[in-house]
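In this note's numbering, the protein residues as written are 736 to 929.
Please keep in mind that the hints were generated in silico from the structure rather than gathered at the bench.
Glycine residues also receive a C-beta, built at the ideal position from the N, C-alpha and C atoms.
Be aware that one or more of the hints could be misleading.
Unchecked claim - Pair ranges (Cβ atoms, derived):
# : residue 1 : residue 2 : range
1 : G745      : G816      : 26 to 32 Å
2 : A826      : G852      : 36 to 42 Å
3 : D844      : G745      : 47 to 53 Å
4 : D917      : E797      : 31 to 37 Å
5 : G810      : R846      : 18 to 24 Å
6 : K894      : G852      : 22 to 28 Å
7 : D848      : S793      : 43 to 49 Å
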Amino acid sequence: MSAPLIRAQGLVAGWQRPATAPLDFMLEAGRILGLTGANGVGKTTVLSALAGSARVFSGALEMRPGLRLALQTQGVPPVDGVPLSGRELLALTAASPDGLPPWLVGRLDHRLDRLSGGQRHYLTLWTILQAPADLVLLDEPTNNLDAAGVAHLATVLRKRAESGCGVVLVSHDHDFVDQVCDQVMVLQEVADVV
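From just these sequences and the hints, can you work out the full model?
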């Protein structure tokens, strides 16, 4: 058995001060971990700690050496006035259009600022899921997606995991988390943990 992609023991992460209660988890290749909980419990902070941008205050966070990461954040770069098409975005990121849902394939030649928010969001997710990464970090990936987009994303995530990639996703969409995740952690407020 190979070493886990991530192992956290008593992990407390934050920015200027701790934002999470101590966390213990392990993620192996081919598995999907879902982080849920109320707003403000540190779900995004955990992703940021895994990506190396949030501070680890205490505990241990071990990541397999040489681990390649792909990160999707909730912030979407503004594209108004940028004459870049969906097909050009895929080319810039070396992502293949193979496997995209038909409702998006037919819009690849449109400029990004002419796509709906959900179409643009899914296309961005697609580029991240196509990245040559061992670990994919997703922050609220179902935001702005309709039911067809969520269903397609669920299928793509399972295939990505089956190919040996690990996934950590943050979501308030409990049905989605239950459908795609192998492990689920419900984070608690720091004040609730004594």
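How the hints compare with the structure:
1. G745 / G816: 26 to 32 Å: Cβ of G745 to Cβ of G816: about 47 Å, so the range 26 to 32 Å is violated.
2. A826 / G852: 36 to 42 Å: violated (22 Å)
3. D844 / G745: 47 to 53 Å: Check passed, 51 Å falls within 47 to 53 Å.
4. D917 / E797: 31 to 37 Å: violated (20 Å)
5. G810 / R846: 18 to 24 Å: Holds - the Cβ-Cβ distance for G810 and R846, about 20 Å, lies within 18 to 24 Å.
6. K894 / G852: 22 to 28 Å: holds (25 Å)
7. D848 / S793: 43 to 49 Å: holds (44 Å)
Figure legend: structure checked against the earlier numbered hints; hints not met, in rising order: 1, 2 and 4.
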